[in-house]
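Q: One line per chain: the protein sequences are W and Y, in this order.
Each residue of the first sequence is one higher than the last, beginning at 537 in this note's numbering.
Each residue of the second sequence is one higher than the last, beginning at 537 in this note's numbering.
Be aware that one or more of the hints could be misleading.
Since the list gives no way to pick out one identical chain from another, each pair is judged satisfied if it fits inside one copy or across any two copies.
As a list, the in silico BS3-like pairs of lysine-lysine whose alpha-carbon atoms are at most 27 angstroms apart [what the hints assert, rightly or not]:
1) K951 - K587
2) K562 - K587
3) K901 - K951
4) K871 - K895
5) K901 - K949
6) K574 - K562
7) K660 - K540
8) K565 - K895
9) K540 - K562
10) K724 - K587
Hints are computed from structural coordinates only; laboratory data are not their basis.
Residues per chain are reported as follows:
Number of protein chains: 2
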Amino acid sequence: MSDKPLRIGIAGLGTVGVGVVRIVRKHAKLLEDRAGRKIEIAAVSARSRDKDRGVDISHYDWEDDPVAMARRDDVDVLVELMGGSDGPAKAAVEAAIAAGKHVVTANKALLAHHGQALALAAEKSGSVLRFEAAVAGGIPVIKALTEGLAGNEITRVMGVMNGTCNYILTRMEATHQGYNALFEEAHKLGYLEADPQLDVGGIDAGHKLSLLSSIAFGTQVDFDAVELEGIEQIELQDIEEAAEMGYRIKLLGVAQMTGRGLEQRMSPCLVPAASPLGQLEGGTNMVVIEGDAIGQVVLRGPGAGEGPTASAVMGDVIDLARGLSIPTFGIPAAKLTAARPAKAVVPAPYYIRMELDDKPGAMAKVAAVLGEAGISIDRMRQHGHHSPTAPVIFVTHKCARNQIDTALEGIGKTKVVSGAPVAIRIEEV
Amino acid sequence: MSDKPLRIGIAGLGTVGVGVVRIVRKHAKLLEDRAGRKIEIAAVSARSRDKDRGVDISHYDWEDDPVAMARRDDVDVLVELMGGSDGPAKAAVEAAIAAGKHVVTANKALLAHHGQALALAAEKSGSVLRFEAAVAGGIPVIKALTEGLAGNEITRVMGVMNGTCNYILTRMEATHQGYNALFEEAHKLGYLEADPQLDVGGIDAGHKLSLLSSIAFGTQVDFDAVELEGIEQIELQDIEEAAEMGYRIKLLGVAQMTGRGLEQRMSPCLVPAASPLGQLEGGTNMVVIEGDAIGQVVLRGPGAGEGPTASAVMGDVIDLARGLSIPTFGIPAAKLTAARPAKAVVPAPYYIRMELDDKPGAMAKVAAVLGEAGISIDRMRQHGHHSPTAPVIFVTHKCARNQIDTALEGIGKTKVVSGAPVAIRIEEV
Ligand SMILES: NC(=O)c1ccc[n+]([C@@H]2O[C@H](COP(=O)([O-])OP(=O)(O)OC[C@H]3O[C@@H](n4cnc5c(N)ncnc54)[C@H](OP(=O)(O)O)[C@@H]3O)[C@@H](O)[C@H]2O)c1
Ligand SMILES: NC(=O)c1ccc[n+]([C@@H]2O[C@H](COP(=O)([O-])OP(=O)(O)OC[C@H]3O[C@@H](n4cnc5c(N)ncnc54)[C@H](OP(=O)(O)O)[C@@H]3O)[C@@H](O)[C@H]2O)c1
Chain W
537 MSDKPLRIGI
547 AGLGTVGVGV
557 VRIVRKHAKL
567 LEDRAGRKIE
577 IAAVSARSRD
587 KDRGVDISHY
597 DWEDDPVAMA
607 RRDDVDVLVE
617 LMGGSDGPAK
627 AAVEAAIAAG
637 KHVVTANKAL
647 LAHHGQALAL
657 AAEKSGSVLR
667 FEAAVAGGIP
677 VIKALTEGLA
687 GNEITRVMGV
697 MNGTCNYILT
707 RMEATHQGYN
717 ALFEEAHKLG
727 YLEADPQLDV
737 GGIDAGHKLS
747 LLSSIAFGTQ
757 VDFDAVELEG
767 IEQIELQDIE
777 EAAEMGYRIK
787 LLGVAQMTGR
797 GLEQRMSPCL
807 VPAASPLGQL
817 EGGTNMVVIE
827 GDAIGQVVLR
837 GPGAGEGPTA
847 SAVMGDVIDL
857 ARGLSIPTFG
867 IPAAKLTAAR
877 PAKAVVPAPY
887 YIRMELDDKP
897 GAMAKVAAVL
907 GEAGISIDRM
917 RQHGHHSPTA
927 PVIFVTHKCA
937 RNQIDTALEG
947 IGKTKVVSGA
957 PVAIRIEEV
Chain Y
537 MSDKPLRIGI
547 AGLGTVGVGV
557 VRIVRKHAKL
567 LEDRAGRKIE
577 IAAVSARSRD
587 KDRGVDISHY
597 DWEDDPVAMA
607 RRDDVDVLVE
617 LMGGSDGPAK
627 AAVEAAIAAG
637 KHVVTANKAL
647 LAHHGQALAL
657 AAEKSGSVLR
667 FEAAVAGGIP
677 VIKALTEGLA
687 GNEITRVMGV
697 MNGTCNYILT
707 RMEATHQGYN
717 ALFEEAHKLG
727 YLEADPQLDV
737 GGIDAGHKLS
747 LLSSIAFGTQ
757 VDFDAVELEG
767 IEQIELQDIE
777 EAAEMGYRIK
787 LLGVAQMTGR
797 GLEQRMSPCL
807 VPAASPLGQL
817 EGGTNMVVIE
827 GDAIGQVVLR
837 GPGAGEGPTA
847 SAVMGDVIDL
857 ARGLSIPTFG
867 IPAAKLTAAR
877 PAKAVVPAPY
887 YIRMELDDKP
897 GAMAKVAAVL
907 GEAGISIDRM
917 RQHGHHSPTA
927 PVIFVTHKCA
937 RNQIDTALEG
947 IGKTKVVSGA
957 PVAIRIEEV
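Given the sequences, and given the hints that come with them, work out the whole structure.
A: Right under this line is the structure:
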């Protein structure tokens, strides 16, 4: 037990910041027992001082400027919960590090864009930078990967890590409504970020994936190399066709080190409905970690919200109170390598859907194009004829994405389909 | 980076010990990067020096006596992988602690029986005692509970933590064979401990539950208070009846702090087939942790085997190399309270099966007994008459275990059933 309390300064008193204040107030004794010392809030900062935040902050010093707060002598740890890849979040974190203070943040955007620079700076100044809450909310996945599974060579990391997208996709299936209706619903419920592209464009989930990749493979965070595809193009019909064949569509992140470089992609995929990933409902997140000794570990839990996110923040704060010291991404930042991004993703089966003309010879033409692209067919489904076209679904055997692209282009040229054919990867999970 | 390697001494070179040697040899560079220093094996110990272990141990000093090895000046960490609650495992761990060395062990029996004494001794001598591999094999659940979720008041912990029992139960359902046939199969496959009661009697899983309880609730390990019930009494018929009603039978551990004391039980339960716990196949383990901030987190992974268990051991070793220092059960041993064991478990619905005489009035008599015990019925199933008796299944509404016991006794006295009625708890997971 140390007599010295750990004093934190909280920058940002929104959903997560208020959650942290609540835990510190409610569990003072428990936290002291577990951390081996008192955890105290020295100061807080947010935009508007007078906002009623539903929690009493009158005992803490107020700072208008988060950078000034980060530099205070009585702040041992900056808890950054403002958000944004640049601006005050970055400035405050940099100021804290420069002053040799530790940092806990929930800010995936900041780390996805500046993780390497911040990690280098932190190690230089003897600061520890932790970010459990930035990935998969309350699930202690950063800890599992950086610490618990550190004896493994990690072979693959997968995750459903944007609750809003998973909410939209599972609600489309449940309510038989299209994407736009569910987007509106998610918006009304306040599930979408101010810039919805962060969610439905896969950017937020891509940020998270880039952080997991770095730890898993000892590489510098490379968000720009994440192949991003959002969920806006997913049609109800695809969700329902997939379901009939025993699949569900998830916005799935996959990171793996291949012979051709580091593959990082965040895109809608079909996964078996009976798999743990397939069964994920609503806002719940799931991360799958595969390593050479462990085999596979699956972690599942709430991906967002006040309590879960604050729980992750407090886990980091308690670690720091206990004296934990680990490089930001698990190995010293200077040793993180610049991974060559894989130019082509590993082959997989694909789901292909098209509206085929209900004319003699149409199917033969499409089959010929697939054959020319070297794609062999595992299963085919053709539906009742709503002439003049009928939906046709192919499930291919494993093939390369460029074969699929060649085939899609070729199918367009046959003039026997209406609209553009759709292809979605089937991930073997 | 430290120039000083962390030197480990491995006592026990069986399944897990050999796995640890393999990881240290295979991943020397990776471990050094992650741990911040070299991890070296200084010495090893086992019973027979000449056994071919499939891995080269000629570079390491051999010690016949694990206690002597624990005391060596060139051993910083004793890695105890011999097993057994007493004998050489206990002696070696005590010797290491007395010498101020850290200890990593996979030995749940040792900790379930002597955890409190060892934790006190370790803290007195400045040793750190870690045991990730002792609970749920490769799943980093001790870390999740002690560190990642340390900001939560834990409300409930549940787990399927004996792979052999889960193998037997899921194979009974898949192959329509009875318990004895599958027990034999598990035996032939080498899945059973030398004393099979440790597995099928629920003892091994009970050990694990008692360790999780201690961390979750800040209480002294109290294995004797775990209400233990094995799987030997589970009949194929119960598994199949449960399946038809949408349940599966699992050997489920539940620990929760109630108004009436600490409830710890390890017993067969019905869980919804569609729940994560219900979907668990074969040797896979699952732990569910519920806390006031996080809500629910589910961790799933391999519960045993060379690679997964060695992975957990290495996670602990790397933590020690990085300087992690946490009390054994998350808070200082002297602060762990002696929890009052709950005398009665929390109410739940129950599954009751009996062979009812195929005579007028028989059902009325049973229904009367249930009513007198204050038990109300949610669902009832009666099967085709294989006179002179027919199986009847009741699913009750929530009631107390003593109401069930009263009813079972009363039903016996009615003389309208043949054999003893069976009652299995339905756990709301
Ligand atoms: N919400 C979640 O479930 C969740 C989950 C995982 C990670 N995160 C991450 O956690 C962080 C915070 O999220 P949140 O949902 O809590 O955000 P939020 O509710 O929008 O709160 C943001 C807070 O930051 C303050 N702030 C914004 N700009 C500021 C500035 N220039 N100077 C000082 N304070 C400023 C705001 O002040 P005012 O209140 O005065 O406007 C507000 O208190 C983000 O990085 C987010 O990505 C959130
Ligand atoms: N196996 C798993 O999957 C698993 C999973 C989780 C936890 N665990 C735990 O890990 C521990 C080890 O399990 P295991 O499966 O590796 O056991 P194991 O294969 O039976 O190996 C035990 C080892 O301990 C050595 N040993 C036994 N008594 C000894 C003594 N008196 N002095 C010196 N060495 C002695 C044996 O030596 P010889 O080889 O010379 O006979 C053997 O190498 C146990 O506590 C177990 O509960 C195991």
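Q: Confirm or reject each hint.
A: So, going through the hints one by one against the coordinates:
| no. | hint | result |
| --- | --- | --- |
| 1 | K951 - K587 | neither (61 angstroms within a copy, 71 angstroms between copies) |
| 2 | K562 - K587 | within (21 angstroms within a copy, 56 angstroms between copies) |
| 3 | K901 - K951 | within (9 angstroms within a copy, 75 angstroms between copies) |
| 4 | K871 - K895 | neither (61 angstroms within a copy, 80 angstroms between copies) |
| 5 | K901 - K949 | within (10 angstroms within a copy, 77 angstroms between copies) |
| 6 | K574 - K562 | within (13 angstroms within a copy, 42 angstroms between copies) |
| 7 | K660 - K540 | both (25 angstroms within a copy, 21 angstroms between copies) |
| 8 | K565 - K895 | neither (75 angstroms within a copy, 63 angstroms between copies) |
| 9 | K540 - K562 | within (20 angstroms within a copy, 42 angstroms between copies) |
| 10 | K724 - K587 | within (23 angstroms within a copy, 68 angstroms between copies) |
In summary, the numbered hints that this structure violates are 1, 4 and 8.
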